[in-house]
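K.L.:
Each chain is listed here by its residues.
There are 2 protein chains.
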Amino acid sequence: MTKKKRIVIIGGSAAGPKAAAKARRMDNDADIIILQKDADLSMASCGYPYYVGGYFDDRNMLLSTPTGVTRDPQFYLNAKAIEARTNTEVTAIDAVNHTLTYKDLLKDLGGTLEYDKLIIATGATPRMPPIPGTDLKGITTLQSMKDADFLRRVRDEKVIKKAVVIGGGLIGIETCEALQLAGIEITVIELLPQLLMFLDWELAKLVENHVRSKSANVITGNGIAEFLGENGKLTGVKLANGTELPCELAVVAIGVIPNVRLAREAGITIGQTGGIEVNEYMQTSNPDIYAVGDCVETVNRITGRKVLAPYGDLANLQGRVAGENAATLNSVTFPGTIQTGICKVFDFAAGATGLSESTARRLGYEDITTVINASPDKPGFMDGLLLVTKLVAETKTGKILGAQCVGPGNVSKQIAQWAMAIQGGLTVEDLVNADLPYAPPFSLAIDHFIATAHIMQNKMKCRFKGISSMEVQEKVKNNGKPFILDVRGPDEYEEMRLGIGERLIPLGALRKRLNELPEDKDHEIICYCKISLRGYEASIVLEGNGWKNVKVMEGGIMAWPYAREK
Amino acid sequence: MTKKKRIVIIGGSAAGPKAAAKARRMDNDADIIILQKDADLSMASCGYPYYVGGYFDDRNMLLSTPTGVTRDPQFYLNAKAIEARTNTEVTAIDAVNHTLTYKDLLKDLGGTLEYDKLIIATGATPRMPPIPGTDLKGITTLQSMKDADFLRRVRDEKVIKKAVVIGGGLIGIETCEALQLAGIEITVIELLPQLLMFLDWELAKLVENHVRSKSANVITGNGIAEFLGENGKLTGVKLANGTELPCELAVVAIGVIPNVRLAREAGITIGQTGGIEVNEYMQTSNPDIYAVGDCVETVNRITGRKVLAPYGDLANLQGRVAGENAATLNSVTFPGTIQTGICKVFDFAAGATGLSESTARRLGYEDITTVINASPDKPGFMDGLLLVTKLVAETKTGKILGAQCVGPGNVSKQIAQWAMAIQGGLTVEDLVNADLPYAPPFSLAIDHFIATAHIMQNKMKCRFKGISSMEVQEKVKNNGKPFILDVRGPDEYEEMRLGIGERLIPLGALRKRLNELPEDKDHEIICYCKISLRGYEASIVLEGNGWKNVKVMEGGIMAWPYAREK
Numbered sequence: 035m036t037k038k039k040r041i042v043i044i045g046g047s048a049a050g051p052k053a054a055a056k057a058r059r060m061d062n063d064a065d066i067i068i069l070q071k072d073a074d075l076s077m078a079s080c081g082y083p084y085y086v087g088g089y090f091d092d093r094n095m096l097l098s099t100p101t102g103v104t105r106d107p108q109f110y111l112n113a114k115a116i117e118a119r120t121n122t123e124v125t126a127i128d129a130v131n132h133t134l135t136y137k138d139l140l141k142d143l144g145g146t147l148e149y150d151k152l153i154i155a156t157g158a159t160p161r162m163p164p165i166p167g168t169d170l171k172g173i174t175t176l177q178s179m180k181d182a183d184f185l186r187r188v189r190d191e192k193v194i195k196k197a198v199v200i201g202g203g204l205i206g207i208e209t210c211e212a213l214q215l216a217g218i219e220i221t222v223i224e225l226l227p228q229l230l231m232f233l234d235w236e237l238a239k240l241v242e243n244h245v246r247s248k249s250a251n252v253i254t255g256n257g258i259a260e261f262l263g264e265n266g267k268l269t270g271v272k273l274a275n276g277t278e279l280p281c282e283l284a285v286v287a288i289g290v291i292p293n294v295r296l297a298r299e300a301g302i303t304i305g306q307t308g309g310i311e312v313n314e315y316m317q318t319s320n321p322d323i324y325a326v327g328d329c330v331e332t333v334n335r336i337t338g339r340k341v342l343a344p345y346g347d348l349a350n351l352q353g354r355v356a357g358e359n360a361a362t363l364n365s366v367t368f369p370g371t372i373q374t375g376i377c378k379v380f381d382f383a384a385g386a387t388g389l390s391e392s393t394a395r396r397l398g399y400e401d402i403t404t405v406i407n408a409s410p411d412k413p414g415f416m417d418g419l420l421l422v423t424k425l426v427a428e429t430k431t432g433k434i435l436g437a438q439c440v441g442p443g444n445v446s447k448q449i450a451q452w453a454m455a456i457q458g459g460l461t462v463e464d465l466v467n468a469d470l471p472y473a474p475p476f477s478l479a480i481d482h483f484i485a486t487a488h489i490m491q492n493k494m495k496c497r498f499k500g501i502s503s504m505e506v507q508e509k510v511k512n513n514g515k516p517f518i519l520d521v522r523g524p525d526e527y528e529e530m531r532l533g534i535g536e537r538l539i540p541l542g543a544l545r546k547r548l549n550e551l552p553e554d555k556d557h558e559i560i561c562y563c564k565i566s567l568r569g570y571e572a573s574i575v576l577e578g579n580g581w582k583n584v585k586v587m588e589g590g591i592m593a594w595p596y597a598r599e600k
Numbered sequence: 035m036t037k038k039k040r041i042v043i044i045g046g047s048a049a050g051p052k053a054a055a056k057a058r059r060m061d062n063d064a065d066i067i068i069l070q071k072d073a074d075l076s077m078a079s080c081g082y083p084y085y086v087g088g089y090f091d092d093r094n095m096l097l098s099t100p101t102g103v104t105r106d107p108q109f110y111l112n113a114k115a116i117e118a119r120t121n122t123e124v125t126a127i128d129a130v131n132h133t134l135t136y137k138d139l140l141k142d143l144g145g146t147l148e149y150d151k152l153i154i155a156t157g158a159t160p161r162m163p164p165i166p167g168t169d170l171k172g173i174t175t176l177q178s179m180k181d182a183d184f185l186r187r188v189r190d191e192k193v194i195k196k197a198v199v200i201g202g203g204l205i206g207i208e209t210c211e212a213l214q215l216a217g218i219e220i221t222v223i224e225l226l227p228q229l230l231m232f233l234d235w236e237l238a239k240l241v242e243n244h245v246r247s248k249s250a251n252v253i254t255g256n257g258i259a260e261f262l263g264e265n266g267k268l269t270g271v272k273l274a275n276g277t278e279l280p281c282e283l284a285v286v287a288i289g290v291i292p293n294v295r296l297a298r299e300a301g302i303t304i305g306q307t308g309g310i311e312v313n314e315y316m317q318t319s320n321p322d323i324y325a326v327g328d329c330v331e332t333v334n335r336i337t338g339r340k341v342l343a344p345y346g347d348l349a350n351l352q353g354r355v356a357g358e359n360a361a362t363l364n365s366v367t368f369p370g371t372i373q374t375g376i377c378k379v380f381d382f383a384a385g386a387t388g389l390s391e392s393t394a395r396r397l398g399y400e401d402i403t404t405v406i407n408a409s410p411d412k413p414g415f416m417d418g419l420l421l422v423t424k425l426v427a428e429t430k431t432g433k434i435l436g437a438q439c440v441g442p443g444n445v446s447k448q449i450a451q452w453a454m455a456i457q458g459g460l461t462v463e464d465l466v467n468a469d470l471p472y473a474p475p476f477s478l479a480i481d482h483f484i485a486t487a488h489i490m491q492n493k494m495k496c497r498f499k500g501i502s503s504m505e506v507q508e509k510v511k512n513n514g515k516p517f518i519l520d521v522r523g524p525d526e527y528e529e530m531r532l533g534i535g536e537r538l539i540p541l542g543a544l545r546k547r548l549n550e551l552p553e554d555k556d557h558e559i560i561c562y563c564k565i566s567l568r569g570y571e572a573s574i575v576l577e578g579n580g581w582k583n584v585k586v587m588e589g590g591i592m593a594w595p596y597a598r599e600k
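Top line first, the protein sequences correspond to chains Z and V. For the first sequence, my numbering assigns the number 35 to the initial residue and increments by one for each residue that follows. For the second sequence, my numbering assigns the number 35 to the initial residue and increments by one for each residue that follows.
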């Protein structure tokens, strides 16, 4: 009898169990062992904020199959013939001898284990700011089941009144919402000038405005200098600018660091990003060792660069690839990421795929065109909700480089569409006539996605000159004296307006009231409406009548990120 | 001064006004005239069923811009400098002399009009069955504002108790829902063996089951033979099989016929489908005449064949292309359709894009593989809802040919993803590692879309042998004696089960209870679970233990279209 192949997986959260299950499906005979440091297995960690926020009360839902069976060692053994050892920490990998040493944390006993193929899925550790006071009681992250349990108790006990969230990324925002729903006065503190760095500033600002509208406070461009405490308990935080904020709870969400110690000590190559380097087979520099999930770096499919992309969906997909390759002979590949992400923000969602403008420019992309489109996801009579999209495309080829979308509308569908368009290498010209599912309960006759492509096409064909809200604001602040033209109706103007010195001339009256425009045909005129479709039409009317310096403020009032007069 | 170019558009519903508006944006100086037979302009006709069903009460929402301005002639004149003449029927086109004759229906006056470019957007007329009684009062369609007004009055007056809908297509189903919501006892009558012909039978059956669960009756495979009446009023319908159904209202929704009389009489080529033939510029056989919307045929981008695709979204996109080309020199093209469509069915949606299996086979595609996947759109703890998807791919290349999806989950997003995948020419291998927006409020870590691609990949790699519910039902009916194995848990079995002679052995117990399986290793075994992931795993266990004829029933119990024991 030949010796059974043994596949050992270090880590039992997301990528590890997926790799194990796939390996089992590929090889019914192999010995498959998961070693997991934590007490739990296969936790739905992306669900923690929703458990804390009270979207559901049954903690076991985070740990069980859709039919309610807990994914514990017994489940893995019975359903998948996989041996899962929890509370078992791997302490070293001996790559030369194909063994690893581990410690049973409950029994405090060590042991060694041989492997034929090893899959490292050690995840990542939350970063902590290097400042005084991090050992105070009341400071936590939201990365483990234990963290989730702690914060859920905070919710249920209703003792804590004030909290801060350090970091305005995905998890920071999700935690902010969860704690706000728990009735806690909350402040998000972000060192960088904006929330959600996967968005460009103007869209991030719309998210920030929405967070504020929920009575959550937001501080950007200001880091935390010190945790303050009394008797070992957190009493507040001190910011870099000296401000002190009293609070009894601080949740730190400033990103994660890949757990690569075991790999590094085993002589495996670590990439420049700090994640374990893997090839397209998810194989490390040691051919018998694979690595998957938050501990690896992966390739950005657009830029070709290595990036860290600690997302649950990628972890699962990588696990599937590594599981198959460990069980067979490197038969499948993982193509990398386009860094698609999404985040619920109270009644908004904020998502992105591909490159933002700021990322693209930082990476040296110069030949890019961007547009902003604001329009509802469905007709008004079906209670359509606003979407604001920023699209980034390569000017020469029209290829879509990235899209971001925020708002109360169906952001997730929009981002999914853009993600598929990017993966298909599609161009603006391909998308202007996209054939998408249309019926009034689901979209506009010309879906927001297609309308965004239309605006991009018009801009690329120089049919209008766009101007961003930031540029307009800058001009107004610097007394640039552009003629600012709001072409909405009087009722709309009464209800909501910018108050930046604009003149109201409704589009329907514009052709008769051209005498109210600047006599100088070279005077800069900036048109806008609610979402800037009428603004676009107004610009055409003005250009058709001889004005030469007409611009359209993209996204109109709905994408204006600053305070309005009303 | 040169004479202004005159662009005339016949038809003012969807494609016509879009073409006019685009032409205006391309040419600020042209004379642009819309001639519209109806009293209304630019009606949101896809919204009629929702007005009838009471989703909203303000009729004007169907006729106005998002900011509430009615799209009447005054609006077109002021906002777009377009002359729109309503109640004006074009009676003939003189293509040689570039003129047309029209009749003002209110004043009963005729006239002629010259054009440089003409755009025909005459739409389509509802088909009526060629049977006795069609002139009875109480028989209507739902294609015009007048129809919508009539049916809305039916809703508001609450006099009519029983109605039938003739035709189980998109509009038939939407009308069925609208009338059911109006408190009317409703029966849908479809001549063909299933509802919604864009779906394959087994998915259409799931829709039918859902319609029935809403107390609406469905009759398939039975046409209508006669409308019955008394004193000129409808009292019932008689079916082909002799059945008589009493009813006071009948809504006919058996499709539409392109309105091509004007075009044909002007010598313009009509295609074999019955629609006006156009090239990629939306130009008819007469280079100065374009045609758009429900009156034209368009090319199916997958098959290359001409088809009729009377959808509102395509009408708008075609209008945009023709408007630009009429104003310029054929600068843009319309690539055709992949026949993406979606329909709300009470709490379900049903959508499709590309080819169904039955369409593909009818067109001679032989090298295809299909799979069915049933799984939730989101995690259980975020109240995920079921989606059932059938995917059709080319076996040799893995290219996606079509996808259909039904269920209470986010069908629209799934279909949009598939539509983009098809438009990008993507293959199953491209999609198994798609990077889509994941967070628990929006999707599973492995989205239903990606999971569907996984199952297709596994099937194409012969990792399991799928069997459809129809084949299983057939085998059971014919005493085929397969060993049918339900691998769910005992609680699930108590709650819901097929009752087709299956044996329950939970997956977790299977490896220990192999002795309960047929001794004959060639005996046909059919595994399934709720959605068939566990069914798939069970099939691997059995094959790993020597059974050679193991199949997985695709989609599991959730995609079972027949009656269940419980």
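Any given hint might turn out to be false.
As the list claims (entries may be wrong) - Quick list of in silico lysine-lysine cross-link-like pairs, BS3-like style, CA-CA up to 25 Å:
#	chain 1	residue 1	chain 2	residue 2
1	Z	495	V	495
2	V	39	Z	546
3	V	582	Z	39
4	Z	196	Z	272
5	V	582	V	511
6	Z	37	V	546
7	Z	141	Z	195
8	Z	499	Z	546
9	V	495	Z	39
10	V	267	V	192
Treat the hints as calculated values from the structure; they're not laboratory data.
K.L.:
If you test the structure against every hint from before, which numbers come out violated?
P.N.:
Checked against the structure, the hints that fail are numbers 1, 7, while the rest are satisfied.
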